[in-house]
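Asks: Now for the letters of each chain:
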Amino acid sequence: MSSSPEGGDADRVGPGIRAARWFHARPGTTLLLGLTLELVTILPFRWADLDAWRGLPGAVGIVIGVLAALLCGPAVGGIVALFGAVLLATLGSGSTAVLAGIPLVVVWVLTAVLAGAIASRERRRTADAIEGARAAAKAAGRAQALAERTAGRMRRLQSVTAELSRVAAAGQVASVTARRAADLVGGSGGALYAVTPGGDELELRSAGARDEPVPWAPSALDVGANHPASEAFRRRSVVVRGADDTWASAAAALVRGARGPLGSLLVVFESAHTVSDEERTLLETVGDLAGRALERAERYEAERATAEILQRSLLPSGLPRIPRLRAAGRYEAGGPDVQVGGDWYDLLELPDGTVGLVVGDVVGRGVAAATIMAKLRSGLRAYATERDGPGEVVAALGRHLDLYESGGMATLLYLVIDPRTGLLRFASAGHPPAVLRMPDGETQLLDGGRSTPLGATPDPTYPEGRARLPEGGSLILYTDGLVERRSESLDAGLARLRAAVGEGPSNPEALCLHLLDAVRQRPVMEDDVALLVVERVPLPASFRESVPARPEELAGLRRLLADWLTRLDADDQEAFDIVLAASEASSNTIVHAYGATDQAFDVQGEVQGRDVVIEVVDRGRWRPARDGANGRGIELMRALMDDVQISTNERGTSVRMRRRLGSTP
Amino acid sequence: MKRLGEAVIDHPDPATLVATLRGEVDVTNAEELARQIAAEATNEVDRLVLDFSELAFLDSSGVRALIGLVRRVQTRGALAMAVVPEGAPIERIFEITRMEELVPLARSRDEALRAP
Numbered sequence: 001m002s003s004s005p006e007g008g009d010a011d012r013v014g015p016g017i018r019a020a021r022w023f024h025a026r027p028g029t030t031l032l033l034g035l036t037l038e039l040v041t042i043l044p045f046r047w048a049d050l051d052a053w054r055g056l057p058g059a060v061g062i063v064i065g066v067l068a069a070l071l072c073g074p075a076v077g078g079i080v081a082l083f084g085a086v087l088l089a090t091l092g093s094g095s096t097a098v099l100a101g102i103p104l105v106v107v108w109v110l111t112a113v114l115a116g117a118i119a120s121r122e123r124r125r126t127a128d129a130i131e132g133a134r135a136a137a138k139a140a141g142r143a144q145a146l147a148e149r150t151a152g153r154m155r156r157l158q159s160v161t162a163e164l165s166r167v168a169a170a171g172q173v174a175s176v177t178a179r180r181a182a183d184l185v186g187g188s189g190g191a192l193y194a195v196t197p198g199g200d201e202l203e204l205r206s207a208g209a210r211d212e213p214v215p216w217a218p219s220a221l222d223v224g225a226n227h228p229a230s231e232a233f234r235r236r237s238v239v240v241r242g243a244d245d246t247w248a249s250a251a252a253a254l255v256r257g258a259r260g261p262l263g264s265l266l267v268v269f270e271s272a273h274t275v276s277d278e279e280r281t282l283l284e285t286v287g288d289l290a291g292r293a294l295e296r297a298e299r300y301e302a303e304r305a306t307a308e309i310l311q312r313s314l315l316p317s318g319l320p321r322i323p324r325l326r327a328a329g330r331y332e333a334g335g336p337d338v339q340v341g342g343d344w345y346d347l348l349e350l351p352d353g354t355v356g357l358v359v360g361d362v363v364g365r366g367v368a369a370a371t372i373m374a375k376l377r378s379g380l381r382a383y384a385t386e387r388d389g390p391g392e393v394v395a396a397l398g399r400h401l402d403l404y405e406s407g408g409m410a411t412l413l414y415l416v417i418d419p420r421t422g423l424l425r426f427a428s429a430g431h432p433p434a435v436l437r438m439p440d441g442e443t444q445l446l447d448g449g450r451s452t453p454l455g456a457t458p459d460p461t462y463p464e465g466r467a468r469l470p471e472g473g474s475l476i477l478y479t480d481g482l483v484e485r486r487s488e489s490l491d492a493g494l495a496r497l498r499a500a501v502g503e504g505p506s507n508p509e510a511l512c513l514h515l516l517d518a519v520r521q522r523p524v525m526e527d528d529v530a531l532l533v534v535e536r537v538p539l540p541a542s543f544r545e546s547v548p549a550r551p552e553e554l555a556g557l558r559r560l561l562a563d564w565l566t567r568l569d570a571d572d573q574e575a576f577d578i579v580l581a582a583s584e585a586s587s588n589t590i591v592h593a594y595g596a597t598d599q600a601f602d603v604q605g606e607v608q609g610r611d612v613v614i615e616v617v618d619r620g621r622w623r624p625a626r627d628g629a630n631g632r633g634i635e636l637m638r639a640l641m642d643d644v645q646i647s648t649n650e651r652g653t654s655v656r657m658r659r660r661l662g663s664t665p
Numbered sequence: 001m002k003r004l005g006e007a008v009i010d011h012p013d014p015a016t017l018v019a020t021l022r023g024e025v026d027v028t029n030a031e032e033l034a035r036q037i038a039a040e041a042t043n044e045v046d047r048l049v050l051d052f053s054e055l056a057f058l059d060s061s062g063v064r065a066l067i068g069l070v071r072r073v074q075t076r077g078a079l080a081m082a083v084v085p086e087g088a089p090i091e092r093i094f095e096i097t098r099m100e101e102l103v104p105l106a107r108s109r110d111e112a113l114r115a116p
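Residue numbers (our numbering), protein chains in the order written: chain X, 1 to 665; chain P, 1 to 116.
The set of hints was computed from the structure by calculation and includes no laboratory data. Treat the numbers as computed from the prediction; the structure is a model and nothing was measured. Hints are supplied without guarantee of correctness; some may be wrong.
[Stated by the list, open to error] FRET-style restraints, in silico, Cβ to Cβ:
1) E44(P) x R312(X): 51 to 61 Å
2) H514(X) x L102(P): 49 to 59 Å
3) A305(X) x A115(P): 57 to 67 Å
4) P548(X) x D10(P): 35 to 45 Å
5) A115(P) x T421(X): 51 to 61 Å
[Claimed, not checked] Example chain X residues on the side facing chain P (calculated, C-beta under 10 Å, incomplete):
6) P551
7) E552
8) L554
9) D572
10) E574
11) A575
12) F576
13) S587
14) I590
15) G631
16) I634
17) L636
Positions of the beta carbon are idealized from the N, C-alpha and C atoms, including for glycine.
Hey, can you work out the whole structure from these sequences and the hints?
Replies: What follows is the structure, given as structure tokens:
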């Protein structure tokens with residue numbers, strides 16, 4: 001009993017059911033018992049000819065066969081019935097065999113048919129179940145893969161949107177679109193075409209991963225061409241193509257901006273690919289995204305160009321040459337996708353012989369910042385000549401900004417230097433301090449004279465700092481782009497700048513390049529840089545030569561004079577002209593003043609403001625002849641110099657000539 | 001002793017004389033240099049090219065001597081040209097003395113040789 005599979009229920013069912021279960025669980029025993037019962041029932045009729053009972057063995061056989069079939073299935077029942085039929089046919093008389101054998105055969109046939117039917121139904125059921133399970137698994141897998149792919153594509157689509165929103169230049173929009181569109185639908189390459197202004201051609205803007213030509217994307221396409229990119233543009237829809245020379249499959253979509261079609265987007269596949277409805281939708285979406293991004297990039301670039309032109313036009317195209325000062329300025333725009341800022345520098349010659357130096361940085365970027373910068377620049381130029389001292393000039397400029405550009409804010413450093421004494425007066429409106437470099441290379445920061453940025457507080461006062469720039473020393477004024485890095489403090493940036501200034505060359509042009517080189521080594525140029533470097537050069541001693549009155553002395557005189565003029569920063573033409581004028585005057589003296597006598601004459605040169613004054617003095621007497629031998633020489637002197645005075649008295653003749661430096665066109 | 005200035009003579013063809021002036025030309029050497037060039041400018045020469053592109057200095061006596069030379073050559077029907085590179089300081093002298101009205105200016109030796 002305990003072996004019965006339903007053991008737990010066995011006590012609650014009746015003995016008949018228990019017996020049936022017992023036989024059901026033992027088909028072999030049931031079969032043997034059935035066969036034995038049939039033998040026991042049928043064999044006695046062989047010897048006792050009981051004709052009156054001849055139906056009995058057949059009936060017993062039928063009952064046993066049906067029972068066996070019910071208990072242990074049609075196979076066991078069939079065997080029992082067939083055995084009974086065989087027994088009756090071999091042992092019984094003719095009538096017995098017929099009466100009992102036929103029903104047994106019928107039972108056997110019925111049970112066999114029943115068994116077959118049951119078996120085939122079972123098989124079918126099992127097969128159906130397996131098939132069903134298989135189909136269910138397959139469907140589940142497909143659904144999951146689809147869900148994953150869709151989710152993946154949505155994620156990637158979102159990342160395309162994000163990436164496009166980060167790039168500002170049209171070229172970057174094109175390359176991002178071409179690359180990401182191909183990724184999104186599993187293509188091997190992508191390309192972006194933009195329609196030309198004439199509207200009859202599509203121009204390749206980006207193709208492939210690198211900027212190399214690819215065979216499947218010609219650099220220009222006729223709008224009417226039989227190319228999927230052209231067709232997508234013409235039909236304003238997604239176009240799918242089968243194998244061609246350069247691709248196995250291709251798909252193209254319209255690039256649509258808010259103002260209309262801008263071009264098309266092409267994706268090619270290396271192996272045959274059926275473009276699904278979902279992929280069509282994806283390509284359409286990327287085309288729309290790219291269109292908006294291209295329009296935004298164009299607007300951005302137009303504004304950037306305007307701002308840059310505005311700003312460049314306000315920076316000095318060349319700095320004036322000022323005696324005792326050598327100056328160089330640079331403006332360096334930030335990276336390609338950074339809007340220009342409102343950085344500027346300027347150098348002004350003031351009426352009292354001092355020189356104003358300014359660097360400023362307007363908060364904000366683009367046209368707005370450049371406009372404020374323009375106003376500050378002209379405002380400062382006006383106040384610099386009418387206010388006394390940098391503190392007052394900067395305060396006036398702050399009120400000016402508050403009045404006309406409320407909301408605008410700027411930092412600024414204004415410094416006035418007297419080239420003769422080297423005295424510096426300066427005021428800083430929240431601007432990083434200037435660096436002072438001593439002739440020995442030591443550096444210090446001009447920390448004084450600091451106050452808040454312009455526009456930060458309503459009516460600030462600006463204290464004035466003072467310092468002195470020795471001869472051979474330099475001043476470095478700059479905007480924060482030169483020192484600031486996002487990853488480090490301003491102090492660290494200033495320390496680095498001081499080190500770079502200390503080890504740099506003393507020539508201002510060279511020092512500018514040296515400092516900007518250090519900035520350019522950074523991976524990203526984060527901000528604009530305005531830089532102004534001024535060196536206070538020692539004034540060459542005034543020129544004084546006593547020259548023997550012989551023609552062969554002229555060449556040496558010219559050489560000495562040219563050298564002196566070069567140290568005054570005269571340019572080539574100025575030096576040539578002044579040397580020629582002095583040589584002509586000396587020639588006249590040699591030829592006309594003394595005749596053959598071996599006397600000497602004096603040549604003197606000095607700087608008066610921006611003028612060079614040359615005087616040739618002899619102790620003889622000669623007069624300028626209008627048409628004579630010296631006529632052409634005097635004509636030359638008058639043409640070469642701004643002013644020529646010739647005076648003769650009893651002690652001799654003097655030719656005094658003046659020429660302004662820095663006025664060569 | 002190093003010479004102050006010199007004239008280097010070249011005949012690209014028998015009818016052409018190119019005189020390249022070097023160094024400095026002033027009252028000490030102007031007449032002498034003009035004489036040297038004139039001696040080379042024989043009757044066969046129908047084109048005289050004075051090349052000033054290597055000249056560092058020229059004063060009014062040099063201008064006077066060279067104008068004399070050019071006039072003599074032009075009198076017998078030959079062509080005289082001066083080579084003055086763009087932006088050379090010496091060009092001012094040609095403007096001031098109006099020498100450019102007397103002698104056509106070319107920017108390079110080739111241009112002077114090609115000129116009709």
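Asks: For this structure, which hints from the list above don't hold up?
Replies: 3
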